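Chains A and B are the protein sequences, given in the same order. FYI, the working numbering numbers position 385 of the first sequence as 385, with every residue one higher than the one before it. FYI, the working numbering numbers position 228 of the second sequence as 228, with every residue one higher than the one before it.
Hints in this document: simulated from the structure, not taken from any laboratory. Predicted model only: the values in this text are computed from it and were never measured. Every residue, glycine too, gets a C-beta built ideally from N, C-alpha and C. The reader is advised that the hints may include incorrect statements.
[Unchecked claim] If the Cβ cut is set under 7 Å, some of the chain A residues that face chain B in the computed set are:
| id | residue |
| --- | --- |
| 1 | ASN10 |
| 2 | GLN14 |
| 3 | GLN51 |
| 4 | THR228 |
[Claimed, not checked] Which bits of chain B does chain A cover? Going by a derived footprint, with three or more residues having C-beta under 8 Å, they are:
| id | stretch |
| --- | --- |
| 5 | 73–84 |
| 6 | 98–111 |
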Amino acid sequence: MRGLWTMVANDLRQRIRDKSVFIFSLIVPLALMGVLSLVFGGLGDDTVDLQPVTVVASADDADQLGAALLGAVESLEIMDVTIKRVPAPDVRGEMQASGAELGIIVPEGFSDAALSGQAASVQLLEGSDATLESGVLISVVQGVVDQISAGTVTAAAGGIAGLPHQDLAALAEQAAAGPALLTLTEGQAAAEQLSLRGTLVAGQAGLFLMFTVGFGVLGLLAEREQGTLARLRSMPVTAVTVITAKACTGFILGVVATTVLLTAGSRLFDVSFGSPLVVAALILCVATAATSLTFVVARLVRTAEQANVAQAILAMVLGIAGGAFFPVEGTGFAATLLDLNPIGAFIRGLGISAGGGTLRDVTGPVAVMLAFAAAGLVLSRFLPDRGAQA
Amino acid sequence: MDVAEVTAKDVLDVRGLVRRYGDLTAVDGVSFHIRAGETYGLLGPNGAGKTTIISMVAGLIPANEGSVRVAGRDMTPSETEAKRVIGLVPQELAIYPDLTARENLKFFGRLQGLTGKDLTRRTNEVLELIGLSDRAGDLTKKYSGGMKRRLNIGIGLLHRPALLILDEPTVGVDPQSRNSILESVERLSVEGMAVLYTTHYMEEAERLCDRIAIIDEGRFQAEGTRDQLITLTGGVDRINLRGGGSTALAAEALRALPAVQHVDSDGSGLMLTVSDGPTALAGIVTGAGDAGMSVTSVEIVRPDLESVFLHLTGKALRD
C-alpha cells in the first residue's frame, strides 16, 4: 500500500504542478458553461413571465355556468386577464379591433343544456398570433368545460336511468362541482428533469470528468514514452500496484474536479442539485465509471497521443448522448442505449436529487454507472494491450 | 540494502536465456554470471540483443527459456524481492521532468523501501556523487542533457543495489559528462557493487569491464577478460607504413622478415600484419628503406575489441 500511495502522491504533485489539470478540468468547463449560458441566454432563465392578456367574451349574465367559466378565466393568478363583454356577433370584430388573444362565445341556454344532459358547445376564437398566454387560456377553458361535461354526462346517464327532471339537475350540479380536474401550480415540470441551467452545469461536469480521469490511467502511456514506466517496473512494486495507482489518481482528480465544477456551477448559475449526500454518491459513481473507461482506452491505443484523441472522442460522444449540451431523447433500442450512458445517468441522478430525491431514489442511475464501470473493467481484462505490443 | 548483506557468491547468475518475438529470436541461449565488485560488459552493435538481456535481468519482461537469479532469488516480472537488490539505469532517460532532482530521487527511493533519515541521507549523498547538489531544487526539465544523464544514473544507485544495471548510459552525452559517468562506475566497482554494463563503445568496455561478452544477433560470440578476447585474434599487430619510392620492392623485402605475416599495398603505402609489432618495428622500417621506400610515417595498431569483433563476426562493431 505504501508504494501505491507514494505513486498516487507523485502523480498528483506532477498534475498540479504542470497545471494541465486545472486548465482542462476546471477552467475550460467553467468557461464553456459561461459561453453556453450566454448562447442559450433565454433558455437559461427558468422562470416564464406571462404577459397581461385581453379576452373578448360573449355570455348571458344570467347563465350560471357561463359566468363561472369566464370567472375562472378572469381569476387566474398566473396572469392578468381582462375580459371585454360584447354580444356574440361582435366578438370577432372586437378581437381584431383590440388585438385580443382569445375570444370566448358561450351559447345561450348553456347552463340549462348542460344540466339537462343536452349537447352544448363553447366556441373559442384564437387571435392571429398564437401566444403562450392564449395557449394557457385555452387549456383553462378546456379544463372548465371538461368539468361541466362531466355534469352533462352524469345528467344524461340519469335521464337514461329514468330519474326525475329535478333530480337530474341536482345530480349534474353535483358532478360539475366536483374537484377541479385542471389546476395550475408553479414548480418543477417533472421530478427527473433539471432546469436548463442545471442540465448545462451537470452535463459539462460529466463531460469534462471524462477528460480529467484520463490524467490517471492514460498517464501510463506517457510514462511508457518518457521511459519512467520501465524504471517503475524494475522497482519492487507489482504491475497491479502501478495500474491501481494510476486509476486512483484519475479517480481522485475526477471526483475533486466534478465536485468543484458542480459547486462552482451551482453558485455561478444559481442552480441547486439537492442533497449533498446524494450528489456525492452520484459523483463517486460517475467517476468510477469514467475511470473504468480509461482502462479500455489504455489497452486499445499505442501512444499517449492516440489515447488523448480516443478519450476526447469518447468524452464528446458520451457527453452529447448524455445530454451535456442539450437534451437527447430516443425510442426503443436507442432509448435503452441512451439510458446506459453513465453521463446521462449522472445527469438523471442529479435531476432526481434536485427534485428532492434521496439515495434510494437514485438507485437506478447509480446501478447504471456501476454496471458501466464493471463492464469497462471486465472488457479491459480481455482486450490485448496494443501499447505493450508496440 | 547494503552490498555487504548479499551473501551469494554470484550476485547475478543467468542461464540459457532465450527471448523470442514471433519468429525472431532476440536472445538465444545466453549464460553468464557476475560476482560482487565485478563489472561485466555486454559489447555489441545496436540491435544485438543487449537491451533485451537487460530487460530480462531487470524483470521487465519474462524469458521464454532459461533463468535469471539475482542474489540467490529468481527474477521474473512479478518478483518484487529480487528487484529490491537491483538498480536499473535505462538507456532512455527515466526521470520526471516536472519534479526536481531531489523529488525524483526521493520518489524512487521510497519505492525502493528507503524512508525517513535514511532516504534523506542517501538522497544527499547521491546528489553529491552526481554533482547536482547545487541544482537539486530545480525542475529537471531545466537540466542539460548531461545533468539528466547523471540523475538517471543516480536514481539507480540510490538504494545501494547489489547489482547495478547500466544500459548504454553514455549515449548522447558530452565528453566531460561521459568521463564523469565512467569514473563513477569505476568507483562503484571498487566499493563492491556488481555492475552489468552494456555499450557499443569499445573504449568504455575496455576501460571499465573486468569481463566482457561480445554479443551479436542475440548470441554470445565470445566471453572473457580483454586480454583473453584479444588472443582470439591471434595476438597480431598491424603496422601502417606511409611514403613513396619503391613500395613494391619494399613489400617484397618485408615479406621475408620472420615477424611479418602479411603485407598489403594500397598505393600510398604498406599495411603489414606482424607478431609483436613494437619489437619488429625497427627492422621493418630499416628493411623498407633499404629496399628503396622513402617512409614518411609509421603507425602501430595494437589489436583491440574492435578487431576481436571484426574477427568473430566479419563486420565492424558500429555497422
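Tested hints:
no.: 1; hint: ASN10; in the structure: holds, 5 Å
no.: 2; hint: GLN14; in the structure: holds, 5 Å
no.: 3; hint: GLN51; in the structure: violated, 59 Å
no.: 4; hint: THR228; in the structure: holds, 5 Å
no.: 5; hint: 73–84; in the structure: holds (count 6)
no.: 6; hint: 98–111; in the structure: holds (count 7)
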